[in-house]
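Mapped onto the numbering used here, the consecutive letters of the sequence shown carry residue numbers 8 to 183.
Calculated directly from the structure, the hints in this document are not laboratory data.
Possibly wrong hints are sitting among the right ones.
Listed next, with one range per pair, are the computed distances between beta-carbon atoms [unchecked claim]: (1) Leu47 to Gln134: 18 to 28 Å; (2) Ala17 to Leu126: 33 to 43 Å; (3) Ala124 to Pro27: 18 to 28 Å; (4) Gln152 to Ala70: 14 to 24 Å; (5) Gln134 to Thr41: 18 to 28 Å; (6) Ala29 to Gly182: 18 to 28 Å.
Quick caveat, the model's predicted, so the values are computed rather than measured.
Quick reminder that beta carbons are idealized off the backbone N, C-alpha and C, glycines included.
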Amino acid sequence: MSRRIILLRAVNVGGTARLPMAQWRSLAESLGATEVTSYLASGNLLCTPPGPHMDFDRTLQDAVQARFGFFREVISRSGEEVSAALAGHPFEEIDPRFSHISFLHSAPEAEAVAAAARLETGRDRWQVIGREMHLRYANGAGSAQMKEAAITRALGVTGTARNLNTVRKLIELAGN
């Protein structure tokens, strides 16, 4: 098995569910993962799963709910997949904190992408490429003109976004 970048959606930000990173790492290890490390306090984990990654993702997702009492999607990618997503980022990088990649649970249907494209975004931009939604905020995510949650709802798939600084660090930590 190869090392995976595992992303947990919506923890430890803006009053959402609290998940201490030491317990997040310990949980993954208790499920058989090796080479377990975390980055920042926002649900970023790197590890080598004990078997097929999709099985491990679901097992880890269920274990978070059982142990911490809240449901959050677990989305994982290989280092190569994250590197490819970064290389394919379609927007000019004005500030890496203003550009994000939202790693989606699955690729949205073309009709859903077309419906989401009708939503107002002001000067902010987004584009779906495969299983990733690329975002660029004109003035940063804190001053967003587009509503990422509304776009994600229209797409019909969940995802979790990381700014390009974090994406680059995760790639580095994964050894890519």
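- Honestly, do Ala17 and Leu126 meet the 33 to 43 Å range at C-beta? violated, 20 Å
- Task: Starting from the range 18 to 28 Å, see whether the pair Ala29 and Gly182 falls in it by beta-carbon distance.
- Result: At roughly 23 Å between Cβ atoms, Gly182 and Ala29 fall inside 18 to 28 Å, so the hint holds.
- Would you say the C-beta atoms of Ala124 and Pro27 sit inside 18 to 28 Å of each other? violated, 39 Å
- So does Gln152 sit 14 to 24 Å from Ala70, Cβ to Cβ? violated, 38 Å
- Item | Cβ distance range 18 to 28 Å for Leu47 and Gln134, holds or violated | With Cβ atoms ~25 Å apart, the hint holds.
- Message: Quick check: does the Cβ-Cβ distance between Gln134 and Thr41 fall within 18 to 28 Å?
- Response: violated, 36 Å
Violated hints for the displayed structure, listed by number in ascending order: 2, 3, 4 and 5.
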